[in-house]
Amino acid sequence: MLFNSYDYLLWFLPATLLVFFALGARPRLAQASLTLASLVFYGWWDLRYLPLILGSIAVNFAIARALQRRASRPLLATGIALNLGLLGIFKYADFFLANVARLTGSSPQLLQLVLPLGISFFTFTQIAYLVDVHRRRAQEPAFGNYALFVTFFPHLLAGPILHHSEMMPQFALRSNKRPQTANLTSGLFLLAIGLVKKVLIADTFAPIADAGFGAAATLSAPAAWIAVLAYTMQIYFDFSGYTDMALGAARMFNIRMPINFDSPYRSTDIREFWHRWHITLSRFLREYLYIPLGGNRHGEARTAANLLATFLLGGLWHGAAWTFVVWGALHGLALVVVRLWSRRGMPLPRPLAWALTFVFVAVAWVFFRAASFGDAMTMLRALAGANGAASTSVAAWLGGIAGSLSAAEGFPRALALAPAVAGLLVVFMRENSNAMVESFRPTLRNGVLVALALPACVLQLARVTPFLYFNF
Amino acid sequence: MNDTAPSPLPAPAPAARRWFAAVLAAAVATLIAIGAFNAWVDPFQQYRIAGRHPPRYYASLHRFVVPGIVRNATYDTLLTGSSIVENTRNSTIGGICGGVGLNAAMPALTAYEQGLVLRAAFATHAPKRVIAVVDFTGFNGAPDARHPLAGPLPAYLYDGNPLNDAPYLLSWSVLVKSWRIVTGDTSERFRSDADAPWWWADGKRFARTEVVRGLDPRDLNRQFPQAPLDLEQMKQSFDRNILPVLAAHPGTEFDIVWPPYSIVVWGDYVQRGQLDVTLAFKRFVFEATRNLPNVRIVDLQPVAAITHDLDNYTDLYHFSPSVNEWLIRAACSDAHRVRSDNLDALDRQMRDQARAFDPAGLVAR
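If you read the protein sequences in the order shown, they are chains A and B.
To convert, note that position 298 of the first sequence is 298 in our numbering; the numbers rise steadily by one, no gaps.
To convert, note that position 111 of the second sequence is 111 in our numbering; the numbers rise steadily by one, no gaps.
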């Protein structure tokens with residue numbers, strides 16, 4: 001089930017809230033209802049994968065219990081290996097087999113397994129828990145609590161990646177089983193912001209990006225830049241909107257999850273970008289990969305190597321393809337460069353630093369979005385103007401895709417890009433959703449905005465998409 | 001950096017409670033009002049055949065309208081097929097086959113969708129006859145394959161379950177259509193002729209010159225590229241999508257019609273080595289249905305008088321309204337039936353015609 005779906009918004013979330021708070025006087029039951037609802041949320045996509053997540057939770061809980069009794073490096077290593085093995089089978093096996101085949105010239109039988117939703121997130125969450133138990137920083141004696149920590153539906157599919165220490169105390173609080181108006185109102189407000197970002201803004205950029213990446217070989221440089229910028233905005237609004245919906249829903253259950261985005265496109269260097277983009281992933285990579293590798297404690301060369309290794313693996317975490325590895329490598333290299341540059345004591349002027357960072361991030365997204373390494377190179381050539389004079393101009397290209405721009409039906413075509421323009425203003429000028437929810441007050445203005453935004457977004461969840469080839 | 005968000009500013013609880021209740025009530029009331037309006041206008045005829053306002057058969061939204069009309073219209077004979085049978089009037093079907101006819105054609109129809117349409121129809125009807133015109137390509141690929149240009153399938157409209165109709169009732173696109181219907185706004189492309197809801201023939205010429213225009217005799221597939229056919233996939237698709245419907249409704253007569261593509265299509269099959277697979281699939285369908293007394297196979301593909309006269313076509317596949325009428329007449333009579341005693345002869349005939357076809361001569365003429 002997705003947050004931006006009728007099922008979630010119209011019955012799942014309201015029903016889960018009602019049942020949870022109705023059982024508030026019996027905290028264990030309330031908690032059990034939330035776990036059960038989270039499993040329904042997960043199983044809605046495909047029931048066959050429920051045993052997978054339940055098995056993963058059971059095995060990790062058992063290993064954690066054993067680690068609580070006696071710290072054991074081999075046992076920890078076994079636990080981590082089991083988690084990575086599960087991830088490897090479902091996410092990376094075919095990538096590995098295909099690459100081996102390419103090297104050896106063989107033709108292997110690919111597994112072609114469907115990637116279980118959220119597997120990267122619940123695997124990392126549990127690895128972090130095992131490590132923390134081994135370090136004596138966490139312990140959880142109750143299976144029900146642990147199961148809820150892993151399955152809690154707001155974070156299950158797309159994060160944030162949670163720390164046991166920041167969640168379990170909240171789950172344990174009896175007062176959190178009763179409705180708290182401040183959290184209900186601010187949670188609803190944040191949920192509405194997230195929906196607007198995802199449904200009204202991100203999905204407006206999507207057809208521009210899709211059309212551009214689909215026709216990169218013919219695009220002029222300005223058209224290619226528009227396509228890449230559209231994707232840059234799409235991925236931000238998509239992911240941060242989804243995260244806002246997650247944080248908003250969790251807040252309605254009186255649970256505060258860590259923020260995951262903090263206006264990343266305002267960053268003036270890549271280091272700052274990674275403090276603002278997918279913050280909980282950065283935190284995980286730093287604490288459980290970069291620092292154990294030695295961090296910055298063994299000289300410049302080793303630090304650079306650690307940064308590169310961390311970001312190569314971080315890239316691979318995003319997807320089983322070389323394009324993601326290259327994307328991670330680019331960011332790792334950029335971090336090394338920034339690190340070396342900052343030691344020179346010659347900071348760039350802020351506007352220049354911002355522009356360099358933004359352009360780098362946008363160009364690196366080409367590897368993240370392209371279907372293959374070859375497609376990425378095609379887009380990079382288009383960005384550089386290598387498609388020459390015969391390429392499609394911006395006007396011709398935008399004219400050609402005008403029909404697929406997702407302007408709400410019934411509005412003038414000229415307004416098709418209005419949400420995109422609004423999105424740009426939000427990214428660079430407005431306070432972000434974190435700040436907005438912190439200063440939230442249940443005023444008439446906010447009430448009108450939310451009451452308008454919720455139906456407006458729900459009405460955009462399903463579009464009547466025509467058969468494109470309708471000559472007949 | 002402080003990762004965990006602090007508490008929001010406190011607000012007086014009663015006021016905040018009122019705010020929460022009022023906002024939710026306003027949002028829910030808005031959605032209920034819109035849903036009720038869409039249900040009342042019902043632009044895709046999901047709950048009733050249009051009566052208050054003239055019906056709108058949207059030129060590219062067959063997949064949204066067809067499930068409603070097959071469930072809610074009154075008919076004795078149902079015609080299902082791809083764009084090649086769109087130019088068939090309901091009155092033609094009824095006039096030839098008796099009773100009332102309904103054309104439920106969809107462009108680029110696949111067997112999966114054809115199965116859904118048939119199941120939607122049988123959920124509320126027991127039609128006397130179903131004429132199912134089938135395309136080879138519709139069976140290719142996975143059993144639930146769909147044409148890449150067909151857009152997302154509104155599956156919620158096919159199951160007859162009003163409890164999952166939120167994407168229909170709470171959709172801005174549908175709201176705009178409802179509003180246009182109520183206000184008489186005719187700015188979008190649709191037909192209101194309930195007798196010929198999907199008709200497009202008036203805007204086309206049916207002539208040999210149209211068929212050969214842009215045709216490359218060395219690569220006949222280039223104009224309408226078709227993927228290679230996979231016999232096993234086709235068999236699976238037939239077994240999964242069509243056969244269960246035939247078997248589940250013994251009281252309905254089914255005419256499975258192999259449509260009269262132009263001979264150029266068979267030339268293309270020869271060029272691409274697809275002749276054997278198509279003929280093998282036809283044989284498979286015959287064998288799979290030979291023990292079902294309510295099923296008849298009608299093979300119009302070897303009828304050279306039609307398929308070799310390219311003036312009947314506007315391109316390789318699409319034939320004229322008069323051929324559509326002839327097709328219905330054939331389905332509702334005993335003509336061109338495939339039986340065990342003519343199966344081999346029909347196979348041979350088709351094979352000979354296909355191999356004898358000379359693409360270069362076609363264009364040179």
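Think of the hints as simulated: they come from the structure by calculation, not from any bench.
Just so it is clear, the structure is predicted and the values come from calculations on it, not from any experiment.
Any given hint might turn out to be false.
Listed below are several chain B residues computed to face chain A (Cβ distance under 7 Å; list not exhaustive) [what the hints assert, rightly or not]:
hint	residue
1	F20
2	A166
3	P167
4	L170
5	W172
6	F286
Every residue, glycine too, gets a C-beta built ideally from N, C-alpha and C.
The hints, checked one at a time:
1. Interface hint status for B:F20: upheld, as the beta-carbon distance to the closest one in chain A is roughly 5 Å, under 7 Å.
2. Against a cut-off of 7 Å between C-beta atoms, the interface hint on B:A166 holds, since the closest Cβ of chain A lies about 4 Å away.
3. At about 3 Å, the closest approach between the beta carbon of B:P167 and any beta carbon in chain A falls short of 7 Å, and the interface hint on this residue holds.
4. Given the 7 Å rule on beta carbons, the hint for B:L170 holds: about 6 Å separates it from the nearest Cβ of chain A.
5. Annotation: B:W172 was flagged as interfacial toward chain A, and the flag holds, the nearest CB pair being 4 Å apart, inside 7 Å.
6. Of the supplied interface hints, the one on B:F286 is violated, with its beta-carbon coming no nearer than about 29 Å to a beta-carbon of chain A, more than 7 Å.
Hint 6 from the earlier list is the only one contradicted by this structure; the remaining hints agree with it.
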